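Chemist: Sequence:
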Amino acid sequence: MIYRPIGEILTEKFGLTPQQLDEGLAIQERSGGLIGQVLLQQGFITEETLCHALSHQLGIPVMLPLEEQAIDPSLVRKIPIGFTRKNRIVPVCFDDGFVIVAIENPFNTQSLDDLSVLMERPVRRVLSTGSEILRAINRMFDQSVDTAEQMIQNMEEEDSGRLIHELEETEDLVEATDDAPIIRLLNLILFQAVKEKASDIHIEAFQDEIQVRYRIDGILYPRLSPPKRYQSAIISRVKIMANMNIAEKRLPQDGRIRRRIADRDVDIRVSTVPTQFGERVVMRLLDRSSVLLSLEDLGLSEINLQRINRLIRLAHGILLVTGPTGSGKTTTLYAALSKINSPDKNIITIEDPIEYQLQGIGQIQVNPKIGLTFANGLRSIVRQDPDVILVGEIRDLETSEIAIQAALTGHLVFSTLHTNDAATAVTRLVDMGIEPFLVSSSVDALLAQRLIRVICQNCREPYKPSEELLAEIGISPLRASEEKLFRGRGCPACLGTGYRGRTGIYELMVMTDHIRAMIMRNADSNEIKQEAIKEGMVTLREDGVRKFLDGITSVEEVIRVTQE
Numbered sequence: 040m041i042y043r044p045i046g047e048i049l050t051e052k053f054g055l056t057p058q059q060l061d062e063g064l065a066i067q068e069r070s071g072g073l074i075g076q077v078l079l080q081q082g083f084i085t086e087e088t089l090c091h092a093l094s095h096q097l098g099i100p101v102m103l104p105l106e107e108q109a110i111d112p113s114l115v116r117k118i119p120i121g122f123t124r125k126n127r128i129v130p131v132c133f134d135d136g137f138v139i140v141a142i143e144n145p146f147n148t149q150s151l152d153d154l155s156v157l158m159e160r161p162v163r164r165v166l167s168t169g170s171e172i173l174r175a176i177n178r179m180f181d182q183s184v185d186t187a188e189q190m191i192q193n194m195e196e197e198d199s200g201r202l203i204h205e206l207e208e209t210e211d212l213v214e215a216t217d218d219a220p221i222i223r224l225l226n227l228i229l230f231q232a233v234k235e236k237a238s239d240i241h242i243e244a245f246q247d248e249i250q251v252r253y254r255i256d257g258i259l260y261p262r263l264s265p266p267k268r269y270q271s272a273i274i275s276r277v278k279i280m281a282n283m284n285i286a287e288k289r290l291p292q293d294g295r296i297r298r299r300i301a302d303r304d305v306d307i308r309v310s311t312v313p314t315q316f317g318e319r320v321v322m323r324l325l326d327r328s329s330v331l332l333s334l335e336d337l338g339l340s341e342i343n344l345q346r347i348n349r350l351i352r353l354a355h356g357i358l359l360v361t362g363p364t365g366s367g368k369t370t371t372l373y374a375a376l377s378k379i380n381s382p383d384k385n386i387i388t389i390e391d392p393i394e395y396q397l398q399g400i401g402q403i404q405v406n407p408k409i410g411l412t413f414a415n416g417l418r419s420i421v422r423q424d425p426d427v428i429l430v431g432e433i434r435d436l437e438t439s440e441i442a443i444q445a446a447l448t449g450h451l452v453f454s455t456l457h458t459n460d461a462a463t464a465v466t467r468l469v470d471m472g473i474e475p476f477l478v479s480s481s482v483d484a485l486l487a488q489r490l491i492r493v494i495c496q497n498c499r500e501p502y503k504p505s506e507e508l509l510a511e512i513g514i515s516p517l518r519a520s521e522e523k524l525f526r527g528r529g530c531p532a533c534l535g536t537g538y539r540g541r542t543g544i545y546e547l548m549v550m551t552d553h554i555r556a557m558i559m560r561n562a563d564s565n566e567i568k569q570e571a572i573k574e575g576m577v578t579l580r581e582d583g584v585r586k587f588l589d590g591i592t593s594v595e596e597v598i599r600v601t602q603e
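Taken in order, the sequence shown gives residues 40 to 603; the numbers are from the numbering used here.
Read the hints as simulated data drawn from the structure, not as lab findings. Take the hints with a grain of salt, since some may be wrong.
[Said to hold, decoys possible] Here are the computed lysine-lysine pairs in the DSBU-like style, where the Cα-Cα straight-line distance is at most 35 Å:
1) Lys573 with Lys523
2) Lys503 with Lys234
3) Lys236 with Lys378
4) Lys117 with Lys234
5) Lys378 with Lys288
6) Lys117 with Lys267
7) Lys408 with Lys384
8) Lys573 with Lys378
9) Lys378 with Lys408
10) Lys125 with Lys236
11) Lys125 with Lys234
12) Lys288 with Lys267
13) Lys52 with Lys125
[What the hints assert, rightly or not] Per label pair, the in silico range of CB-to-CB distance:
14) Asp152 with Gln246: 54 to 60 Å
15) Asp135 with Ile258: 24 to 30 Å
16) Pro407 with Gln496: 42 to 48 Å
17) Asp153 with Glu87: 23 to 29 Å
18) Met559 with Tyr260: 44 to 50 Å
19) Glu287 with Asp134: 54 to 60 Å
20) Met559 with Gly365: 40 to 46 Å
21) Gly472 with Ala556: 54 to 60 Å
22) Glu506 with Gln423: 46 to 52 Å
23) Asp326 with Leu259: 14 to 20 Å
24) Leu353 with Glu51: 54 to 60 Å
25) Arg349 with Pro145: 52 to 58 Å
26) Asp589 with Asp326: 24 to 30 Å
A quick note: this is a predicted structure, and the numbers were derived from the prediction, not measured. Beta carbons: idealized from backbone N, C-alpha and C, even for Gly.
Work out the full structure, taking the sequences as your base and the hints as a guide.
Modeler: See the structure below:
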């Protein structure tokens, strides 16, 4: 049978211009490949457009979207998931003796034949997009795999003596296939953590058990407790994945794992420390495929957003972001850099570690082993003719002195400090040994922040908090009665917590003449804070209260995050 050319169909029925088709054909002639894929890669057509055009050309029906309930999860057990991903092909259901198969490339007859052999039945094609098929594969995998708890139970039911003997042999661990129980268990732990949007995985050794906990939205939740006898095998597997020394169990170690999990590129920073009952592992998950937030998405109030937008466009000075570890300081600074990033600016950062790659920005990784510290790196950056400098953290006098000199010589410097509020950051710099007059003349603003959990929108319900709770955050019952207040009831979407996702609360202290004068005379942080409040600064707790009254978070969450 002779089919009409796909390019002709696309120009006639789907809005492709003759110029775009000619350009695509020229690229195809140079590089090869299917013309539809070439046009898709050039951005001339969308996946859906190509799918419908192929349907028009070949007379094959389209299945978009691939609804979850339309797919039989039991089918996935008969097919290796690697095969379905590689070929962008997924079985949907049985129909009249045939297996209905969704496929992106209908000309890939080899994969259709292979699938027919695997399923032991003839196949019938329907067309879908590659991204829709990948989503369906991830859903099917999620439904078909055991949970980590089930995996441990299965391991327990096996011949445990033989299993442990195998696992304790280093050679078997290194050369183990994906069928090895410990490898499958660790893969499931990682998969569930990514699925539940965990930021950290803790594997902790105790006297009679090991415990695995996930940190989700800033809170640690116990997830499973494998038997103690699997401890050595699990930790050895983590070390192998992170290229660490599995023989060294007496000293702390750091490593890194890069994996593609559920169609996401995930970087995992691994840290081990020896404890009384064996090594303890913490894995920090960084999703490289996640989109960087903009300043507008961080939860800043309108007035603070306007002030930050003005501050990050200053010609020189220092903007310090303060808060404990895990409070979102780096995310805020990345959002600020992305906002001002342009071809006419030279922006250089020095970080430990580099958490996300920023297009068009030079990023330097600290490496103390070879003498590349924050201070040494910052000295070199200043000689690179930068307009904007980001120092990941001011940790010592030397780094702070160079940062201040850079600000005084015409550079805009962003950095972070570990302090509880904005005013304390001023006294911390003075305590480090910086002269008060240098702090007052170089620092333009200090932004303290925390991350606060957001009420789950799926199970949000109105309620009235107790008067004691309201009094603790300074809200009168009368004022509370005028607002519609909410809490999360708990549902599968939020894993029963009542919260899903986080936003920021902020305390922005902009340097004024009064505050600069107070710094010069060595006023303490409480005096500086009171003066800033008089001049209009909204404190962390007040910002949290506003988000509670707006129905974004709960009173309990505001108290938890802002308690002194």
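Chemist: For every hint, state whether the structure bears it out.
Modeler: Checked hints:
1. Lys573 with Lys523: holds, 29 Å
2. Lys503 with Lys234: holds, 33 Å
3. Lys236 with Lys378: With a Cα-Cα distance of about 26 Å, the restraint between Lys236 and Lys378 holds, given a limit of 35 Å.
4. Lys117 with Lys234: holds, 23 Å
5. Lys378 with Lys288: violated, 45 Å
6. Lys117 with Lys267: holds, 34 Å
7. Lys408 with Lys384: Measuring from Cα to Cα gives roughly 31 Å; hence the hint holds.
8. Lys573 with Lys378: Holds, because 30 Å separates the two Cα atoms, which is no more than 35 Å.
9. Lys378 with Lys408: holds, 33 Å
10. Lys125 with Lys236: It holds: about 25 Å lies between the C-alpha atoms, which stays within 35 Å.
11. Lys125 with Lys234: Distance of about 21 Å is within 35 Å: holds.
12. Lys288 with Lys267: OK: Lys288 and Lys267 at ~17 Å, within 35 Å.
13. Lys52 with Lys125: holds, 30 Å
14. Asp152 with Gln246: 54 to 60 Å: For Gln246 against Asp152, whose Cβ atoms are near 56 Å apart, the range 54 to 60 Å holds.
15. Asp135 with Ile258: 24 to 30 Å: Violated - the Cβ-Cβ distance for Asp135 and Ile258, about 51 Å, lies outside 24 to 30 Å.
16. Pro407 with Gln496: 42 to 48 Å: Roughly 44 Å apart at Cβ, these two residues keep to the hinted range, so it holds.
17. Asp153 with Glu87: 23 to 29 Å: 27 Å Cβ-Cβ, so the 23 to 29 Å window holds.
18. Met559 with Tyr260: 44 to 50 Å: Because 48 Å falls inside the window, the suggested range holds.
19. Glu287 with Asp134: 54 to 60 Å: holds, 57 Å
20. Met559 with Gly365: 40 to 46 Å: violated, 34 Å
21. Gly472 with Ala556: 54 to 60 Å: violated, 21 Å
22. Glu506 with Gln423: 46 to 52 Å: Check failed, 58 Å falls outside 46 to 52 Å.
23. Asp326 with Leu259: 14 to 20 Å: holds, 19 Å
24. Leu353 with Glu51: 54 to 60 Å: holds, 55 Å
25. Arg349 with Pro145: 52 to 58 Å: Taking Cβ atoms as reference, Arg349 and Pro145 lie about 55 Å apart, which means the hint holds.
26. Asp589 with Asp326: 24 to 30 Å: Hint holds: Cβ distance 28 Å, inside 24 to 30 Å.
Of the numbered hints stated above, those contradicted by the structure are hints 5, 15, 20, 21, 22, listed in ascending order.
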